[in-house]
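Trainee: For reference, the chains in residue letters:
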Amino acid sequence: MSEPLKLAVVGHTNVGKTSLLRTLTRDIGFGAISHRPSTTQHVEGARLSVDGEALIELYDTPGFEDAIALYEYIEQSAQSSERLDGPEQVQRFLQSSEARQRFEQEAKVLRQLLQSDAGFYVIDAREPVLAKYRDELAILAMCGKPLLPVLNFVNSAEQREPAWREVLARLGLHAVVRFDTVAPPVDGEQRLYENLSLVLDSQRPRLQRLIEHNQAQVLVRRKAGYRLIAELLIDVSACRRSVHPDHLQDAIQDLHRDVRQREQQCVEALLKLYAFRKDDAQASALPLEEGRWGDDLFNPATMKQLGIKVGGGMAAGAATGAGIDLITGGLSLGMATVLGAAVGGLTQTFRNYGERLKGKFRGERELTVSDNTLRLLAIRQQRLLSALELRGHAAQARIQMETPLEQQWREGELAQPLQTARAYQAWSSLNGQKPQQDSARTQAVEDLLASLNKQHAHPALS
Amino acid sequence: MTDSSSPLQTLWLCEAVRLREEQTGLLEDTEACRKARATPGSLAQRLQVRGLFLAQRDGLVAALQHWLQGAKLAVWLLVISALMAGIILAKTALSGTPQTINIFWALAGLVGLNLLSLLAWLFSLVFAAQASSPLSHLWLWLSNTLARDAKAVQLAPALLVLLQRNNLLRWGLGRLLHGWWLITLSSAFLTLVALLATRRYGFVWESTIVASDSFVMLVNSLGKPAAWLGFALPDNDLIRHSGMQTLDNEHARQVWASWLLGMLLIYGIVPRLVCSLFCEWRWRYGVKRLQLNAADPVWQPLHERVQPSSERLGVIDAAPAALSFSAAGSQRSGENAVLVAIELDDSINWPPVLPAQVLDAGVIDTRKQRHQVLEQLSANPPARLLIVCNAQRSADRGTLHLIAELSRTATQTRVWLLSADSMDDRLNNWQEQLDQLSLAHSRSAPWNWLEHGHE
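Residue numbers (my numbering), protein chains in the order written: chain A, 1 to 462; chain B, 1001 to 1455.
Heads up, some of the hints might be wrong.
[Claimed, not checked] A short list of chain B residues far from chain A (calculated; beta carbon distances all over 10 Å):
#1 Gln1009
#2 Ala1062
#3 Ala1227
#4 Ala1257
#5 Ser1258
#6 Trp1281
[As the list claims (entries may be wrong)] If you want a taste of the chain B side facing chain A, the calculated C-beta under 7 Å gives, among others:
#7 Arg1020
#8 Gln1023
#9 Leu1160
#10 Gln1164
#11 Asn1167
#12 Glu1280
#13 Arg1284
#14 Gln1300
#15 Ile1316
#16 Ala1319
#17 Pro1320
#18 Ser1324
#19 Gly1398
#20 Asn1429
Honestly, the hints are just simulated from the structure, not real lab data. Beta carbons: idealized from backbone N, C-alpha and C, even for Gly.
So that you can see chain B by itself, here it is in the shape it has in the complex (with noise of 0.2 Å):
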């Protein structure tokens, strides 16, 4: 897992920053999101231009050399490892008297744990969600412990987090293992043809219930395959007779040595072999294909920094420095007490029952209607106008310039504003707007005020 393929380890340092964040809040990113602002290209390319900046901001792009260097120190390790215990295994297979070898206990020796252990590793590729095994483990504890660079210490995880989300930590820890597993049968193949070549054995086999037959049954199956590859495969004969007594003749040892390193080739080499193969392919496939998947939703809280859906352009034209405004005014004399209504819809009651001598000028709605009223005020100014205006609208600067108008007609002005609810922010606003303007004002009709001029 030595890559240094580039999209994997942008990958990589991506994920170590975001475990980061996730841990310890969000990073000061403003150049970073900047930077990937400008990047023309997908979110994920975004995101990764962001990620990579970060991370070569904080040191881990160094990290990662440093962790890749313990990685790589940490394999060398685990290759040696390897080799010495291929050795030991050899060693160990034909350990005992030189000259009775039992021949069962030494392929036992030799494949044994070897089978166990590929069995399982098929186990959990079927059943397990996870692969993992103590030897990889081993692996990452050792490549931590020889990066020894603190700021590394996201590194494995996030390593650990994006092969497993691509599916990819089971064949890159299956690299690992059956390589390893490869290195130690080669040095144990290695070993024993040494041991075989430069020492004499002689093989044996002991039973007390099982019947010979039953060996000979079982010795040519096993064989079968290595026979097809040149291996000897020991004759019926030579089966029985060794075991009945160690034969001390040549041809017996060499057809039982060859038989021996046969088999350790075809169950324990090249399975091992096969594995190691079938996860490179996978491996390098899948990592040729690793990207990053923007619609995870670990990556969400980032979409809206590297690749805002909505921007603000800005002020396009500015506001004024005022608005419009007419000023109220008033007539110096006038005759009559006028009531005019202002855009009032059909809920309500127009006009009331109005006292005598107040004069009723209708609702003003249309340009027509407005034209008519003020002409008519104009040509007969009123020494009082009473305005009425329902507070739900809002009080808008056609409406108020229409009360500014009407108000330079009469001698004295009043607005009168309808509204049902005393704490409405409209009515309030209304009330703020007619102060600007001067003009007195009340929520209940002032007609004292409108009869005879006082309250």
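Next comes chain A alone, as it looks inside the complex (with noise of 0.2 Å):
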């Protein structure tokens, strides 16, 4: 196992460093960011990490303020003696008294910067290419480390793109990567690595199981989100419950309560997947207010909004969204329904019968959460997973809201996984009681986790 690559983050106060860093981390807690200059005062490091072994350590820097100044004195020192070149002169000027003294933070970022292989140079596009950042330049370039500069905030109206580059290019730097740390590009990272192994051609191999990792590592993560959503819809299609038709209504009110609160705890396991807090500042972002869907799951105008066809019956004030057997007594699942149960488990599935069948005699109804808002709640649960896989992407816009996918939720029969689960009230946590963990259960989640995850991967062939 080789040592880890170092890379210092360097830059002029308040261009993006530690947001670069909570970006590349993953570590949104990582450091401090504000709006002021010398948010960050000291070094701090970070190490990246595949399958156990490290790979990268990054290093955030306070920012270069001085750089006029320093350069001059640099210059300066070098005049009296012999001639020294760019490193030699950076170690003269580390063990002056100033760089414990006026230029005590730009010594840091130096100190830092020799240490490392090489250097990420952030730079605010929107700002105008000034004289420091000129002399900023040449004292890093002095180091003799390979510098990638990074152009942050080239997604805002004001960038100066051109005149950066420009300037870089005539310092030889040509490599240069943009990255909005505020609406990263999706394949942002990617790139970052891909320009970095250009600088440093024998770290090539490492940044390349880097990239590897960070794109296996997205698929995991959209996969372990859509089997939170199957598990929620199963939940919520396998809730059944009988109930005298004297407390209907508070029935359904309670069912009601229940389905947004199993909702709820989908929305918070998802947000806690993606590693979200609510006072992250993409929180804007998300289709949520305060970490919750603003429009109720049982309005019926909520289902308009999001094109579900609400149909005669559903409008009716309260028993929105719940299904209410008042005929067969819960005898009228749909053959597939059977079908599907009867390989299953047998016994099972007549054991339910029977329960239900006695529940008829009571003259019970059997309550269950309607096709339509099963319909609502994948619709919104995708969108929520992909405003949350492109978070802070600049793809922000692209999220199709019309996608082939909605569109078979919307009016498509409902996923086979689901129509089983309807037989099976045991599967449900609705119930009371916890959900029964059996095999047929887990296949139907992993069944409605594939056809999700399939739909989401191919979007063209739905």
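Starting from the two chains in their separate frames, assemble the complex, guided by the hints.
Mentor: Printed below as a string of structure tokens:
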């Protein structure tokens, strides 16, 4: 196992060095970020590992703030003596007393860069190319380490990317990465590491490994997200309550409340999965308010808004979103459901039917969550997942609200696992007991997850 | 399914812990994760270290032992029930008048149910996504009941989920099912031998509509595989005669008895034995290759806990107690009013139309411009110096040093902050920094002050 690659993140104050580190480490609590200059006054490291092997160490440094004076100081002290090359001049400065006084912060940056294999030079592309930045680059170049300029805030209206590129090219820095930390491109990280391997050719395999790891992580995270959604849908779909007609209204209210809670549980799990915090700077990019959906699940208007057709009886007040099986006492499951259930396990199904028949003789009604509510849940959660996945990415505007997948959920048949789940009360956590973790339920969740994931991968095919 | 193979048990415990965490939220796992992180090895190994540690801590390991004992007991109960079932099967097949045992009734009684169940199993093998039978449910229920350990509640589901995920459930339950039938049929075989050895039975066949030739063919073709193994095959005459009357000769009885035993062996015991061995082979093969699949999304929430992809290394170079700071100052006397701008970019029209008597010192950006302006101001100290800054730039130390240095060349200094937006964070920061330098600042140009020295 070789030593990790050390990278210093350097640049002027207030250009987003710590933001870049947070993005690269996916550690939203790393360092401190504010609009003030000199927010970071120390050097702090973070290590990126793949399969337990440390690949890269990133170091956040204080901002460079006094470049013009420092450059002058270094040049003055060099004049008086023999010819020194860049790193030697920097070393000499680091030993001077000014490196502990006026230029203490700059000394920290230079010391760290000298100890690193390369540096990311973060640029606020909204800034004009002032003399102080040129001096800053000149001093950093003296360290003799490869520098990869990273253009931040390139999505801003007042960006001056061409000017910066021209100046960087004049300094021989041709590999430049656009990486807006507010809204990085989806493949931004990959491009960052690819460009880094241009300036650090010997590290190419290591960086490639990191890129592949990150890509694999995206897929695993997405799958885990769909699994949460599949669990939610199975849970809600399998929910079935027997109620005496006299208590119907109360029971419907209870059902609404429980389903809402279950949805919120899923929302929170998804937020956690994507390491999201409510005070996250990118909170506004999500379709949520204060970490929850603003529109009520059982409001017919919410369904209409998402393009789900609301049937005649559906709009009638409190009963919205709850299917009430009045006539057959719960024996009106579709043939597909019964078949699916029969293949799964006969005994269980018949026990189920037995219970229901008893209920029917007692004159009870069966309460389930309607198909439309399931459709709404499915669409909403998938939207949230897409938004979370692209959170903070420049492709935000590209989230298509009218994907064929949604169309399928809106108008097509409910997925087979959900139809099957209708017959298994025991699968639901909403029936006042822990869901029965049998192999059939696991299979149903897996199947639903697979179909959700497949549709995500090939939206054009569905 | 009473293997005590270690990988299976480890994965089983991990799965049980996972199911528990899925239902009740993550357990307190600081120590477990620390141990896992200290383990060199793959993600899967670390997940197992964590799972095992939590299982040990929460008593799941002991519960597993209880459960296994219960399962063993359940298996013994099933074995006993199989033996009993075999005896009953054989006795029922030979019940009735001993002199006129209907040979096909006896045959159907012995292997009919078995063949039906076998067919059902084969059917489920091909068509159903998952395999389960009443027998395997019975065994699981018995094991749970016999374990009598509250902590074992997650164990049976965990085993099912684990085996299902690795496509082993079918073979595990198949082992149980075929094993049960194998014992039942073997016991029936032995009972049959014992009964045939100690009692005298006569065999007949009866039919109203089927011709005797068909019977001859049926008996011959059914009995052929058994005949290869040395079991007797009744010849055509014997079969025809058995259809007409009960033969009371010893040879006929022996041939029919041997044929019946052969049938039970070939259509009862052998298929079950083959299925048992097949399931056993698939099971062992599967268990040997059983591994924790860390890429499965169910483990995703634990990835970062046992193998963080990023770790903080802490502060390498600490922050200073105070940042270097240069104080503003002033000259005792000076003349003129001077306007100087710092780091204005081309988006701002500069200079504006100046009142008379105000001197424009230009814009400072480079080191050379700094020197020029500072030298010029030092030589002719201004009475009033107005420094213009673009508040959209951040107020860095270098610029503040320059402002302070400029202020020390003049009698009075003010700063004019150019900013379009009054709520801008950077503007606020400029204002704070300038307050610290005790320099007066405003967002509009104090021309009156600059010209006349008062507002």
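Trainee: So, for every hint listed, does it hold in this structure?
Mentor: Now the hints, each set against the structure:
At roughly 19 Å, the least C-beta separation between Gln1009 (chain B) and chain A is larger than 10 Å, which holds for a residue marked as non-interface. Taking the minimum C-beta to C-beta distance to chain A, about 21 Å, the non-interface status of Ala1062 (chain B) holds against the 10 Å cut. Residue-level check passed: Ala1227 (chain B) sits 39 Å from the nearest beta carbon of chain A, beyond 10 Å. A cut-off of 10 Å between C-beta atoms confirms that Ala1257 (chain B) is not in contact with chain A; the least separation is 39 Å.
Its beta-carbon lying about 39 Å from the closest one in chain A, Ser1258 (chain B) satisfies the requirement of being farther than 10 Å from that chain. For Trp1281 (chain B), the shortest C-beta to C-beta distance to chain A comes to about 22 Å, beyond the 10 Å cut-off, and the non-interface label holds. The beta carbon of Arg1020 (chain B) comes no nearer than 10 Å to any beta carbon in chain A, farther than 7 Å, and the hint placing it at the interface is violated. Checking Gln1023 (chain B) against chain A by beta carbon gives a least distance of about 6 Å; that is within 7 Å, so the hint holds.
Given hint, Leu1160 (chain B) at the interface with chain A, holds; its Cβ is 5 Å from that chain's nearest Cβ, closer than 7 Å. Hint on Gln1164 (chain B) holds. Least Cβ distance to chain A is approximately 4 Å, under the 7 Å limit. Annotation: interface hint on Asn1167 (chain B) violated; nearest CB of chain A at approximately 11 Å, more than 7 Å. With a cut of 7 Å, the hint placing Glu1280 (chain B) at the interface with chain A is violated, because the nearest CB-to-CB distance is about 20 Å.
At about 20 Å, the closest approach between the beta carbon of Arg1284 (chain B) and any beta carbon in chain A exceeds 7 Å, and the interface hint on this residue is violated. With its C-beta approaching chain A no nearer than about 4 Å, Gln1300 (chain B) sits inside the 7 Å limit, and its interface hint holds. Hint status for Ile1316 (chain B) relative to chain A: holds, with the closest Cβ pair at about 5 Å, below 7 Å. Below 7 Å, beta-carbon pairs count as interface contacts, and Ala1319 (chain B) has one with chain A at about 4 Å; its hint therefore holds.
Interface hint at Pro1320 (chain B): satisfied, since its Cβ lies 5 Å from the closest Cβ of chain A, which is below the 7 Å cut-off. Checking Ser1324 (chain B) against chain A: minimum C-beta separation of about 5 Å stays under 7 Å; hint holds. Look at Gly1398 (chain B): its Cβ gets to within about 4 Å of chain A, closer than 7 Å, so that hint holds up. Against a cut-off of 7 Å between C-beta atoms, the interface hint on Asn1429 (chain B) holds, since the closest Cβ of chain A lies about 5 Å away.
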